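Chain residues, written in single-letter form:
Protein chains: 2
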Amino acid sequence: MNPLTEIDTLLEARWIIPVEPAKTVLNNHAIAIDNGIIKDILPISEAHSQFQARQTIILNDHALIPGLINLHTHAAMSLMRGLADDLPLMDWLNNHIWPTEAQHVNTTFVTDGTLLACAEMIKGGITCFNDMYFFPEASAEATLKAGMRAAIGMIVIDFPTVYASDPDDYLAKGLALRDQYHPHPLLTFCFAPHAPYTVSDKAFTSILTYAEQIDAPIHIHIHEIEDEINRSIETNGIRPIERLHQLGLLGPNLIAVHMVHLTDYEIKLIHQQGCSVAHCPSSNLKLASGLAPIASLLNQGVNIGIGTDSAASNNRLDMFEEMRLTALLAKAVSGQANTLPAHQALEMATLNGAKALGLGETTGSLTIGKAADITAIDFSDLNLSPCYDPISHLVYAAGREQVSHVWVNGRILLQDKKLTTLDTFELINRAAYWHERIDVAK
Amino acid sequence: MNPLTEIDTLLEARWIIPVEPAKTVLNNHAIAIDNGIIKDILPISEAHSQFQARQTIILNDHALIPGLINLHTHAAMSLMRGLADDLPLMDWLNNHIWPTEAQHVNTTFVTDGTLLACAEMIKGGITCFNDMYFFPEASAEATLKAGMRAAIGMIVIDFPTVYASDPDDYLAKGLALRDQYHPHPLLTFCFAPHAPYTVSDKAFTSILTYAEQIDAPIHIHIHEIEDEINRSIETNGIRPIERLHQLGLLGPNLIAVHMVHLTDYEIKLIHQQGCSVAHCPSSNLKLASGLAPIASLLNQGVNIGIGTDSAASNNRLDMFEEMRLTALLAKAVSGQANTLPAHQALEMATLNGAKALGLGETTGSLTIGKAADITAIDFSDLNLSPCYDPISHLVYAAGREQVSHVWVNGRILLQDKKLTTLDTFELINRAAYWHERIDVAK
Chain Z
1 MNPLTEIDTL LEARWIIPVE PAKTVLNNHA IAIDNGIIKD ILPISEAHSQ FQARQTIILN
61 DHALIPGLIN LHTHAAMSLM RGLADDLPLM DWLNNHIWPT EAQHVNTTFV TDGTLLACAE
121 MIKGGITCFN DMYFFPEASA EATLKAGMRA AIGMIVIDFP TVYASDPDDY LAKGLALRDQ
181 YHPHPLLTFC FAPHAPYTVS DKAFTSILTY AEQIDAPIHI HIHEIEDEIN RSIETNGIRP
241 IERLHQLGLL GPNLIAVHMV HLTDYEIKLI HQQGCSVAHC PSSNLKLASG LAPIASLLNQ
301 GVNIGIGTDS AASNNRLDMF EEMRLTALLA KAVSGQANTL PAHQALEMAT LNGAKALGLG
361 ETTGSLTIGK AADITAIDFS DLNLSPCYDP ISHLVYAAGR EQVSHVWVNG RILLQDKKLT
421 TLDTFELINR AAYWHERIDV AK
Chain D
1001 MNPLTEIDTL LEARWIIPVE PAKTVLNNHA IAIDNGIIKD ILPISEAHSQ FQARQTIILN
1061 DHALIPGLIN LHTHAAMSLM RGLADDLPLM DWLNNHIWPT EAQHVNTTFV TDGTLLACAE
1121 MIKGGITCFN DMYFFPEASA EATLKAGMRA AIGMIVIDFP TVYASDPDDY LAKGLALRDQ
1181 YHPHPLLTFC FAPHAPYTVS DKAFTSILTY AEQIDAPIHI HIHEIEDEIN RSIETNGIRP
1241 IERLHQLGLL GPNLIAVHMV HLTDYEIKLI HQQGCSVAHC PSSNLKLASG LAPIASLLNQ
1301 GVNIGIGTDS AASNNRLDMF EEMRLTALLA KAVSGQANTL PAHQALEMAT LNGAKALGLG
1361 ETTGSLTIGK AADITAIDFS DLNLSPCYDP ISHLVYAAGR EQVSHVWVNG RILLQDKKLT
1421 TLDTFELINR AAYWHERIDV AK
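Just so you know, the protein sequences line up as chains Z and D, in that order.
At position 207 of the first sequence (counting the first as 1) the number is 207 in the working numbering, and the numbers step up by one without a gap.
At position 280 of the second sequence (counting the first as 1) the number is 1280 in the working numbering, and the numbers step up by one without a gap.
Okay, chain Z solo, but in the shape it has when bound (with noise of 0.2 Å):
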């Protein structure tokens, strides 16, 4: 008989959905972990006989899927969550989100807005996010605190604010934070360039250079709303993808945000250039942006991954929420209800994210050698009951209030439902705080 291996923890589990391969559910099966990676994935009745683990966690009720990754956010946001609701987005940019930022935005406002953002996260099962936002060395420090994965955008825009002054200020910031951590185990970095009408050619320019150079993702909001795509062909003569196709920016580093208005021909040109989508669905509804054409995206083969965008224009950080809605609004925009069916969904809001990142060997699916990014669903409550298919049940009926545990790198961040390294009572003080403040300017 062999020795037993010793690891650090066994999760024994009602079912394990892998992701990878796609629509596989195991049922009673065991994930071994050792030192933050997946060590192996076998029968529950099989691991006590290979594995001698320091501590073993036994969720009868539930299942485990890899960690959710919300493609696309404003971490800090959530302290301006529902502060300006039912607007459309200039009127909402430029009267209330842009003034507010420019009032109260700084290091401190980051710290405690992605703490907040980050406990919401956990909580709802989300193991990395993709963050465009001032003060990244403050995302990067709470993100680290929280203990979660996070790509930290090295953002860009044109004009000044208190974060940075000009486009080459904001880069030479982002690089520097990107050095002082890289190479990091939890945290990447991306090229953040706010978007196509609020960054130039030159600094396109800029940061294409420095993207090849360090071979990191670029990380923009695109073809939101019409009136962007309309300025774009009366200042520049062409769409804003045409621009940066132009400028050389499309290619498998890109994650296209939002991509709401696209012709036949962009939708080829983003698959042919490999670039990635980050489909925002409550967002894209909530501020009447539109319907994207994922289905469309889809049927192409362009690897879509899903995001929650920022708290002030969603207003939950849920990626249950928008891996729902993702799988239901492609059914009614492409008028039929096979198209994203519920592994799909669940595939684009983990997997497709991680792809989308530069991440797809280190996470995104639960494979042996990866890292132990895992999140468990209890499905006890009489909301999932009965359960003929349990991926159905993930997208369709569970909801974020269903997560018990959340894993990162191995380290539990979530536990019975309780935060493990963040403290509740302290992060709704300061929200009240800065409640308080944002308030009375109002």
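No lab work stands behind these hints: they were computed from the structure.
Quantities reported herein were computed from a predicted structural model and do not represent experimental measurements.
For every residue, glycine included, the Cβ atom is placed at its ideal position computed from N, Cα and C.
The reader is advised that the hints may include incorrect statements.
Claimed, not checked - Simulated coverage check for chain Z against chain D, where a stretch passes if three residues somewhere in it have a Cβ under 8 Å from a Cβ of chain D:
1. 142-155
2. 388-394
3. 422-434
Claimed, not checked - Straight-line alpha carbon distances no greater than 16 Å define the calculated EDC-like cross-link-like pairs of lysine to aspartate or glutamate that follow:
4. 1417(D) <-> 168(Z)
5. 418(Z) <-> 1381(D)
6. 1418(D) <-> 381(Z)
As the list claims (entries may be wrong) - A short, non-exhaustive set of chain Z residues, derived as facing chain D with CB atoms under 10 Å:
7. 321
8. 339
9. 385
Please arrange chain D on chain Z, whose structure you already have, making use of the hints.
Frame of chain Z, contents of chain D only:
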């Protein structure tokens, strides 16, 4: 000094959002309840000098709203939750739902399914639902066991089922059930002809005669998918709404469910005739039925409530989800972010549903003299921090998991998130029993 008035219950809350008048948020107010009726709504500071309550419940972090009204469901179908997903309506009905019903539905199925649905609805803040299903005697009993308010459907469908043999038989059974209960403090009855494509002119004419006699609402699926309309044109030479109009069915008693595909003429006609609409956004998306023209109906002044439809096509009986989706979809479909602001979505999910059911004087708002049908939402969760506007949070940020207390007619059905009338363990066991039977038969 006046003597104190004795009452059953005093609820003290951080916020009361009565829905009537619209947009109102009362800070630190109390609701006085006696004998199931709202006796008063007044500042907490004044309540103790006016009322002597046998029970006082202090809800310092909570908003009280009128109980949510689910204007369209088939409660017992909770036992088929997730049985068949990602399928178009007719394939789903003909090849999955109807065969399963033919084989399994009986009074026990309806009892167990309705109790499970009631438990889910109570936990989600729903106090009243408009039901359509076979064996409504079992639905009625289950509703009363749960303690909820319901409009029970007197279902009529042309083809025979285990429940009834022909339209006259359906009608006779429904009316006998109604006579058994009428009048009742919690139960009312609606005629429930399934749909234009399953009910003959003759049966519609009988229903109309009876509906005029007893002044009861008529609850019907209509204009759900394009194919329904095309088939009506082939068979009857006219669209279904026009057919109902010619039969005299359109009027203030009509609750038209779905209404996805409408011409401008039909929108005007529906308004002129005073019909109500039951909007079911998740179901319309999931079955790829389409995007209902809600903004156009609202602009015309049509009374629109919101329904979950059944757990087989949603798959959540969650009015928070439907409220949010109603507000978000209307913005994207109309292209205007200020369409259907939060307070209007809340009104649709409460008062408008009550009006459609002829219960506008009984429930749907927190108003002195109405029944104490009340839902409390706990805002202490970090997902609702900060809170600039509680109505915005109710619609865009809160989830049913934040519902802490529910009262119907002054009786508490949910206390600190625990069901008081139903046994969760037993409900889940019964669901498991049906799961096994249905799965074996598939």
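Against the structure, the hints:
no.: 1; hint: 142-155; result: violated (count 0)
no.: 2; hint: 388-394; result: holds (count 4)
no.: 3; hint: 422-434; result: holds (count 6)
no.: 4; hint: 1417(D) <-> 168(Z); result: violated, 53 Å
no.: 5; hint: 418(Z) <-> 1381(D); result: holds, 12 Å
no.: 6; hint: 1418(D) <-> 381(Z); result: holds, 12 Å
no.: 7; hint: 321; result: holds, 8 Å
no.: 8; hint: 339; result: holds, 7 Å
no.: 9; hint: 385; result: holds, 4 Å
Against the hints set out earlier in the document, violations occur for numbers 1 and 4.
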